[in-house]
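Each chain, written out:
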Amino acid sequence: MAFCKNPSFLCAFASLREISVFLMSRLFSFALVFLSVHLALADEQGTVTVQHPWMRAVPDVMDSTAVYMVLVNTGSDPAELVGGSTTIADSVAPMITTKEGEGLKQVVGMQSVDSLKIPAHGTLVLEPNGNHLMVMGLKEHPKEGTQIDFTIKLEPGDHEIHLQIPVSKRPVK
Amino acid sequence: MNVVSSKTASAPSTSPKRPFFDWRVWTVASVLLVAVGLSVLLGVKQKAQQGFFGMRMFPLKTAYDFKLNGSNGTEVRLDQLQGKVVLFLFGFTHCANICPTSLTNLAEVYQALTPEERKQVQIVFISVDPNRDTPQTLEQYVTSFDPAFLGLTGPKSSIDQTVLAYGASYEMVAGSSNQPNDYSVNHSAYTYLVNPSGKFELLYGNEKLIDVQQMVTDIRAVLREPRS
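Top to bottom, those sequences are chains H and S. Counting with numbering that gives the first Met the number 0, you get residues 0 to 172 for the letters of the first sequence. Counting with numbering that gives the first Met the number 0, you get residues 0 to 227 for the letters of the second sequence.
Because the hints were derived from the structure by calculation, they are not lab data. Please note that the accuracy of each hint is not assured.
Stretch-level coverage of chain S by chain H, calculated; a stretch enters the list once three of its residues show a Cβ under 8 Å from a Cβ in chain H [claimed, not checked]:
1. 95-109
2. 159-173
3. 178-185
Glycine is no exception: its CB is placed at the ideal position from the N, C-alpha and C atoms.
Could you build the full structure based on these sequences and the hints that come with them?
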């Protein structure tokens with residue numbers, strides 16, 4: 000609109016287009032906000048939201064599984080993911096993937112950590128082959144296609160976010 | 000510089016006045032020679048890789064004929080699978096992140112092949128944790144990813160020989176509790192491709208397995224290769 004100094008047919012057209020682009024972007028932001036609110040029902044005062052959470056469907060013989068998600072921190076203070084809980088397992092622990100050695104000799108492993116950092120205005124990605132929440136001592140087997148009640152714990156503030164997490168073999172987008 | 004050699008004189012059709020040691024000609028010739036040499040060298044390297052997605056072994060060597068146990072403790076040797084493309088990887092069933100990710104990806108690769116191609120491909124998961132992974136546990140574990148997958152393990156000595164032969168590695172890491180069965184295993188997360196002639200041909204890092212199309216292209220190329 001700023002470039003349209005003369006009122007003309009072309010200018011009107013350009014304005015309409017800009018208005019629609021503006022409205023679409025607003026609509027998109029509202030949709031994002033709605034989605035985040037929906038996913039983080041209990042996260043009323045927190046600045047961390049959860050996107051695309053999923054629990055890996057694993058063979059019946061396994062007594063552990065992993066949970067993946069993206070944690071988005073919209074606040075100006077860093078936060079930390081310190082753990083979680085679920086009724087279907089004994090414990091949940093944040094884990095990192097470790098790589099030692101070079102070339103063919105390289106070994107990959109995982110290591111329990113006290114917390115995983117979510118930087119201010121940043122994200123923490125939990126994904127296959129990378130950082131994850133390990134769910135240990137499965138009491139009930141997570142079936143593909145079902146939803147699991149899952150709580151994640153954040154610091155500071157001993158903050159909890161309650162989630163309903165889909166069980167899937169593949170990443171849920 | 001102005002010496003006219005007998006050779007140039009014998010070819011008067013070109014340029015009779017050009018001196019034999021014309022530095023411009025020699026410069027151009029050397030540059031051309033270096034360029035040809037470089038392209039031949041790069042070509043050889045390219046030929047070795049042959050556009051494969053996996054890292055190609057060069058020269059190809061006969062894959063170590065491992066002897067391990069399948070379900071019900073039956074002995075399975077790599078040589079028994081000759082004629083097939085064998086993709087195998089090391090792991091353990093208590094692995095919650097890397098192993099299920101790799102096996103899920105390999106199951107997708109396997110299912111992306113035609114039924115005819117699948118008959119010529121065998122995917123094998125080798126447990127380096129025979130203490131916790133019995134042949135029965137292992138079979139239930141691998142077949143839940145795909146019924147055609149094969150789970151193998153065996154005495155520690157057989158596993159160690161296999162791991163050593165492929166330049167792989169693993170180590171047990173104690174868990175936080177003092178329970179004897181509370182441990183994790185750090186292990187090589189590569190997938191090794193053995194061609195139908197029994198040669199170890201391609202190597203994949205675990206992150207590569209997610210690219211189903213590229214994996215399928217590699218397997219098809221290996222299946223088409225003439226048997227040596």
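Here is how each hint holds up against the structure:
no.	hint	result
1	95-109	holds (count 6)
2	159-173	holds (count 7)
3	178-185	holds (count 3)
When the structure is compared with the earlier hints, no violation turns up for any of them.
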